[in-house]
Amino acid sequence: NAGVTQTPKFQVLKTGQSMTLQCAQDMNHNSMYWYRQDPGMGLRLIYYSASEGTTDKGEVPNGYNVSRLNKREFSLRLESAAPSQTSVYFCASLGYEQYFGPGTRLTVT
Amino acid sequence: QKEVEQNSGPLSVPEGAIASLNCTYSDRGSQSFFWYRQYSGKSPELIMSIYSNGDKEDGRFTAQLNKASQYVSLLIRDSQPSDSATYLCAVVGFSGGYNKLIFGAGTRLAVHP
Chain A
17 NAGVTQTPKF QVLKTGQSMT LQCAQDMNHN SMYWYRQDPG MGLRLIYYSA
67 SEGTTDKGEV PNGYNVSRLN KREFSLRLES AAPSQTSVYF CASLGYEQYF
117 GPGTRLTVT
Chain B
5 QKEVEQNSGP LSVPEGAIAS LNCTYSDRGS QSFFWYRQYS GKSPELIMSI
55 YSNGDKEDGR FTAQLNKASQ YVSLLIRDSQ PSDSATYLCA VVGFSGGYNK
105 LIFGAGTRLA VHP
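Which chain is which? The protein sequence lines are A and B, in order.
Heads up: the first sequence at position 2 corresponds to 18 in the numbering used here, and the numbers run straight through without jumps.
Heads up: the second sequence at position 50 corresponds to 54 in the numbering used here, and the numbers run straight through without jumps.
This is chain A alone, in the form it adopts within the complex:
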């Protein structure tokens, strides 16, 4: 039972490049979330998916898109990366309790 997994763990992008962060959970949870966390800051919700086939914007959705591919997988895409998107990205899923993946540390130069 792996819980919530994320790939990649680390990524360096140049400004304007695109990439997709992958997330999968094996707990059969309906709800999944993407957060970003900047140094010394709290978690900020980017997008969430309450169930397969639905997605909604969180606090800071600009510059991101998401896909809820199936019940297990929820991906986050940066179409044109900017230095302001340098952050640590966490995926999470919620059943009775919310569990987090290990995070992706993204640097945009």
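Hints were generated in silico from the structure; no laboratory data involved.
It should be emphasised that the depicted structure is a prediction, and the values quoted were computed from it without experimental measurement.
Heads up, a few of these hints could be off.
Unchecked claim - Take a look, some chain B residues computed to stay more than 10 Å from chain A by CB distance:
hint	residue
1	V17
2	G20
3	N26
4	G33
5	S47
6	L50
7	S56
8	D62
9	R64
10	Q68
11	K71
12	S73
13	L79
14	D82
15	S86
16	F107
As the list claims (entries may be wrong) - Each computed EDC-like pair below joins lysine to aspartate or glutamate, with the alpha-carbon atoms no more than 20 Å apart:
hint	chain 1	residue 1	chain 2	residue 2
17	B	K46	B	D87
18	A	K87	A	D72
19	B	K60	A	D72
20	B	K71	B	D31
21	A	K73	B	E7
22	B	K46	A	D54
23	B	K46	A	E113
24	B	K71	B	E7
From the three backbone atoms N, C-alpha and C, an ideal C-beta is built for every residue, glycine too.
Got chain A sorted already, so can you dock chain B onto it with the hints?
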């Protein structure tokens, strides 16, 4: 008013003391409350959940919930240097037709030998 508020700290306590972390929330309808611990550079780790008024104990941790006053707290007994971390309070809120977990900004705890 933020939906979930915590004192950012740092809260500094000596080893062996009781650390008391507090959190207030704005949505009276909230029913589920959680405490997460986050070490620097790591993902948040769930340490306590509480759903009913009163105390819930798990080892050295006690969560306390008072829905009338809209606060939830976490007590850490016999604090150890390994407890030094940021503690996040989270509350399940209902908005946009769905349940979402709403986080406070976190309280940094430093336990010194």
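Evaluated hints:
1. V17: holds, 21 Å
2. G20: holds, 28 Å
3. N26: holds, 16 Å
4. G33: It holds; G33(B) is separated from chain A by about 17 Å at its closest Cβ, greater than 10 Å.
5. S47: violated, 4 Å
6. L50: Label violated. Min Cβ-Cβ 6 Å, cutoff 10 Å.
7. S56: Consistent with the label, S56(B) stays out of reach of chain A, its closest Cβ about 14 Å off (over 10 Å).
8. D62: holds, 13 Å
9. R64: holds, 20 Å
10. Q68: Label holds. Min Cβ-Cβ 18 Å, cutoff 10 Å.
11. K71: holds, 18 Å
12. S73: holds, 23 Å
13. L79: The claim holds: L79(B) sits with its nearest Cβ about 20 Å from chain A, beyond 10 Å.
14. D82: holds, 25 Å
15. S86: holds, 20 Å
16. F107: violated, 5 Å
17. K46(B) <-> D87(B): Given pair K46(B), D87(B) holds - Cα atoms ~14 Å apart, limit 20 Å.
18. K87(A) <-> D72(A): holds, 15 Å
19. K60(B) <-> D72(A): violated, 34 Å
20. K71(B) <-> D31(B): holds, 10 Å
21. K73(A) <-> E7(B): holds, 17 Å
22. K46(B) <-> D54(A): Distance of about 13 Å is within 20 Å: holds.
23. K46(B) <-> E113(A): This hinted pair holds, its Cα atoms lying about 19 Å apart.
24. K71(B) <-> E7(B): holds, 14 Å
When held up to the earlier numbered hints, the structure conflicts with 5, 6, 16 and 19 and fits the remainder.
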